[in-house]
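Model the placement of chain B on the given structure of chain A, informed by the hints.
Top line first, the protein sequences correspond to chains A and B.
Numbered according to this note's numbering, the first sequence terminates at residue 516, and the numbering increases by one at each position without gaps.
Numbered according to this note's numbering, the second sequence terminates at residue 516, and the numbering increases by one at each position without gaps.
One or more of the hints may lead you astray.
Simulated crosslink set (DSS-like; lysine-lysine; CA at most 30 angstroms straight-line) [to be verified]:
1. LYS435/A <-> LYS372/B
2. LYS245/A <-> LYS199/A
3. LYS428/A <-> LYS372/B
4. LYS384/A <-> LYS345/B
5. LYS372/A <-> LYS428/B
None of these hints come from the bench; they were simulated from the model.
A quick note: this is a predicted structure, and the numbers were derived from the prediction, not measured.
Number of protein chains: 2
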Amino acid sequence: MPSIGIVSPQTMHFAEPLQLQSGASLRDYMLMYETYGTLNADKSNAVLVCHALNASHHVAGYYADNPKNVGWWDNMVGPGKPLDTDKFFVIGVNNLGSCFGSTGPMHINPETGKQYGAAFPVVTVEDWVAAQARLADQLGIAQFAAVMGGSLGGMQALAWSIMHPERLRHCLVIASTPKLSAQNIAFNDVARQAILSDPDYHGGDFYEHSVVPKNGLKVARMIGHITYLSDDDMAEKFGRKLRDIAASGGEYKFGFGIDFEIESYLRYQGDKFAEYFDANTYLLITKALDYFDPARKFDGDLTKTLAATRAKFFLASFTTDWRFSPERSREIVQALLANRREVTYAEIDAPHGHDAFLLEDARYMNMVRAYYEQVWKETTKEQAA
Amino acid sequence: MPSIGIVSPQTMHFAEPLQLQSGASLRDYMLMYETYGTLNADKSNAVLVCHALNASHHVAGYYADNPKNVGWWDNMVGPGKPLDTDKFFVIGVNNLGSCFGSTGPMHINPETGKQYGAAFPVVTVEDWVAAQARLADQLGIAQFAAVMGGSLGGMQALAWSIMHPERLRHCLVIASTPKLSAQNIAFNDVARQAILSDPDYHGGDFYEHSVVPKNGLKVARMIGHITYLSDDDMAEKFGRKLRDIAASGGEYKFGFGIDFEIESYLRYQGDKFAEYFDANTYLLITKALDYFDPARKFDGDLTKTLAATRAKFFLASFTTDWRFSPERSREIVQALLANRREVTYAEIDAPHGHDAFLLEDARYMNMVRAYYEQVWKETTKEQAA
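Pulled out of the complex, with its shape left as it was, chain A reads as follows (with noise of 0.2 angstroms):
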């Protein structure tokens, strides 16, 4: 299957405030997107797909100058492919303390006139989609078609759906939950506890010292990549499997180096990451996920707070994704059930843990094809009527 191609990033300045939920505001932001296929006519093929924690509006294709930079889901999205850019206008947008072009922690604070660091204000899920939807009202879009993401992004179409129930008509939540559990936020509370204990993070304007806390960020990578994968997929792909055998003859090194294969595969995910990822904006996106609780308004009734929804529903979960297992989206499906919302749900048996939402499944690709071209159905018909 082909990919959308050459692609490029846009931006767009919002000089009004935005009021952010902790009573914060940001002065005035920028946003960073990326459009594939045409909007129509009357504008009613508009998808937008919101990223999880280290993604970005870089969804589809690759760049000119650098065609090894192929967006982060671009097997779903694409000409032909489940989310087909032949027929709808998909947008990827990227956050607010992102550190991957919209305003962020390494931004100018226009109130000092130094980078934010750690006074980027906390945001929340809801302050990002109230920001998504300034981007959609300046792109004249009233209604998306859709709103999609997974995992963390599953969170903001969910959000979507609640906040803003007239301007989808389709929300697309994967590999997702209403609400961290306890042991979500533990694992989140670790990996900040390892960024705001490393001393290169100088209470987070480590810009100015010119350092990096790499180390905490490496950690704090290592444990969020443990909780990706499933057991099952880790014992298959590396299980104890000795690193540099040539080298070791097959024995242990009785060291506090790397013995295993898997030891060497986190750590050098951990390096990686903390090479091109921001600290800060690490913080403020494990925050955004342990706030994010809309039921909370609802004394944690999650069919009260999801009456207020309009749109048709599609939730899939893959069954050994431990960190948002099925269960997860399951109380999602039964809340809407309960008010009698459409609700498409596929359980994918995948052995891939979370990260799943991200890989080639045929059956789960299948499930998202199939529902899209449904929505494409009624996008059509209604421009026919």
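Coordinates of chain B only, in the frame set by chain A:
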């Protein structure tokens, strides 16, 4: 049930060098241990209790000068307890490399006259068993009525049954595994990375700098702690409960401090641990865990590995233990049965995850009690014969 009361640790010095699995050797060393109950005339009622990661020789009772310092398995070992010290002579021994008294990284290296630090040799479960066997020799115990342990302690009990088949009549392996999985190793390696990358670790020689890598140890412990508890148990105990509700009015704090109870709990556990535990010991013990894999010599064939055993076995696992799940215990049970060994296996439906092996649970405790009653019957029958 009364505790055994006031107990006192003892030490035994070993002048003969101990050859370690790594090829290194300890020129001389000291083991700290405690005993409870009375060794009978024919020395047939001795039970060795092996400890797990952060425990010690202090299995039961308390110290005269610190009545709050109660042994880590006081609910299991004592007069009238499942392992009844009115019948059995119980020995708790602190492992080499520990920070609780036996020769370890903070002791003086006779080769250099300086504290070992990171120069303390990497020790394995098998090395510990070898050291324990010498202690048994000195105490005149040719054969234990039982060797028992939970988690890493269970690995030692299992290693005893393989290395010294004639020296134990019963082997009790609780909440353990024949080897770590890739995921288990991954968690250990993240914990090690947190310690190794703490600038206060100073390559293991932090003693000379009068500092302790507290941040690294704290993160390591927080990670470990998450894996000891079950998701359900955490959900029940903490859920998404907020901390300091009085101060915050039940609102999020929108910062990187503590919002949730679970964060407060884990950070507190981490801080407490960093106060008393040694970073080098933590590294050593996680490596001992990673390296344990007795079937390695038999191309992974656990049945062949356990063919040498002669003991009768008791195994127990806990349904919500995701660190060493019941499946891991079943592997051992099956390999033993394939060798036609006598095995009692209890799979306990308990909510407390891996920690369950340390906690009060009537079904679990009654199973162990009933098993030891059998051991006692056999022991007295042999005496009578």
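Indices of hints not satisfied (ascending) = 2
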